Amino acid sequence: NAGVIQTPRHKVTGKGQEATLWCEPISGHSAVFWYRQTIVQGLEFLTYFRNQAPIDDSGMPKERFSAQMPNQSHSTLKIQSTQPQDSAVYLCASSPGQRNSDYTFGSGTRLLVI
Amino acid sequence: AQKVTQTQTSISVMEKTTVTMDCVYETRDSSYFLFWYKQTASGEIVFLIRQDSYKKENATEGHYSLNFQKPKSSIGLIITATQIEDSAVYFCAMRENTEGADRLTFGKGTQLIIQP
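Chains as they are written, first to last, in this note's numbering: chain A, 1 to 114; chain B, 1001 to 1116.
Just so you know, these hints were derived from the structure itself, not from any lab.
Warning: the hint list may mix true and false statements.
[Said to hold, decoys possible] Pairs of lysine-lysine residues, derived as DSSO-like cross-links and limited to a Cα-Cα distance of at most 27 Å, are as follows:
#	chain 1	residue 1	chain 2	residue 2
1	A	Lys-62	B	Lys-1108
2	A	Lys-15	A	Lys-78
3	B	Lys-1108	B	Lys-1003
4	B	Lys-1108	A	Lys-11
5	B	Lys-1070	B	Lys-1055
6	A	Lys-62	A	Lys-11
7	B	Lys-1016	B	Lys-1003
8	B	Lys-1072	B	Lys-1003
9	A	Lys-62	B	Lys-1056
10	B	Lys-1070	A	Lys-78
11	B	Lys-1003	B	Lys-1056
12	B	Lys-1055	B	Lys-1072
[To be verified] Residues of chain A placed beyond 10 Å of chain B at every Cβ, according to the derived structure:
#	residue
13	Thr-7
14	Lys-11
15	Gly-14
16	Asp-86
17	Ser-95
18	Ile-114
It should be emphasised that the depicted structure is a prediction, and the values quoted were computed from it without experimental measurement.
Here a beta-carbon is modelled for each residue, glycine too, at the ideal position from N, C-alpha and C.
Let the hints inform the model, and build the full structure from the sequences given.
Structure, rendered in structure tokens:
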């Protein structure tokens, strides 16, 4: 079991460009979560999927962020027209789905917008 | 809305001693789950231990244990016989036990420094 795999580990984009982040959850985990981590805000919830269906995207900035889970083996987080304030570590986590289950986190993608 | 607060920004202790990190939470639910995670210097976030709100016994896992005080909405993490490799940032998190409440809400974290 390779754990939750996130690619790329680091990404540098110019302001206004698009960034796509990838996540491969643990096989058999039904819930997939996206969080963003910054020094100021800490770990912020963005969105999550259960059995590939989007359940809660209340943490997503509405205009430029989108997430998809086209199949059970991967999820993507897309940021259009990136801004310097989008610079953060984006973390994907998966869980077996029971409410008392813990998360397994990926190593994260460090996004820098210059 | 649920809220998790860790007031200790940083703690420094000597190796082989015992340390307690504080966490308080807010919830309207009578049933919920509390978690502690550790983030190492490499950025890896690892699950440590969980407390179910309906259990009176404090959870233990290796040299980690919890001090669960439900009336005070408090869940402290206790690390005994600390080691250098315990140096990390520790996050407290909560999930309510209601339909659709699958996400974890995290505190801001406490940095633990173990000195030799």
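Here is what the structure says about each hint:
For the given pair, Lys-62 of chain A sits about 24 Å from Lys-1108 of chain B by alpha-carbon distance, which is consistent with the 27 Å threshold. Restraint check for Lys-15 of chain A and Lys-78 of chain A: satisfied, since their Cα atoms lie roughly 14 Å apart, inside the 27 Å limit. Between Lys-1108 of chain B and Lys-1003 of chain B the alpha-carbon distance is near 11 Å, which keeps this suggested pair within the 27 Å criterion. Taking the CA atoms of Lys-1108 of chain B and Lys-11 of chain A, the gap is about 25 Å. The hint holds against a cut of 27 Å.
Note on Lys-1070 of chain B and Lys-1055 of chain B: the hinted pairing holds, with a Cα-Cα distance of about 10 Å set against a maximum of 27 Å. A threshold of 27 Å between alpha carbons decides the hint, and for Lys-62 of chain A with Lys-11 of chain A the separation of about 22 Å falls inside it, so the pair holds. The hinted pair formed by Lys-1016 of chain B and Lys-1003 of chain B fails the criterion: a straight-line CA distance of about 32 Å is larger than 27 Å. Under the criterion of a C-alpha separation no larger than 27 Å, the hint pairing Lys-1072 of chain B with Lys-1003 of chain B is consistent with the structure, at around 14 Å.
The hinted pair formed by Lys-62 of chain A and Lys-1056 of chain B fails the criterion: a straight-line CA distance of about 41 Å is larger than 27 Å. Proposed proximity of Lys-1070 of chain B and Lys-78 of chain A is contradicted: the alpha carbons are some 40 Å apart, above 27 Å. Under the criterion of a C-alpha separation no larger than 27 Å, the hint pairing Lys-1003 of chain B with Lys-1056 of chain B is consistent with the structure, at around 22 Å. Note on Lys-1055 of chain B and Lys-1072 of chain B: the hinted pairing holds, with a Cα-Cα distance of about 15 Å set against a maximum of 27 Å.
Against chain B, the non-interface label of Thr-7 of chain A holds: every CB pair exceeds 10 Å, the least being about 15 Å. The claim that Lys-11 of chain A is not at the interface with chain B holds, since no C-beta of that chain comes within 10 Å of its own (minimum 15 Å). Taking the minimum C-beta to C-beta distance to chain B, about 24 Å, the non-interface status of Gly-14 of chain A holds against the 10 Å cut. With a closest Cβ-Cβ approach of about 18 Å to chain B, Asp-86 of chain A is found to remain outside the 10 Å limit, as its non-interface label requires.
In this structure Ser-95 of chain A is not separated from chain B by more than 10 Å, as the shortest Cβ-Cβ distance comes to only about 8 Å. For Ile-114 of chain A, the requirement that its beta carbon stay farther than 10 Å from each beta carbon of chain B is met, with the minimum near 21 Å.
Going through the hint list in order, the structure does not satisfy hints 7, 9, 10, 17.
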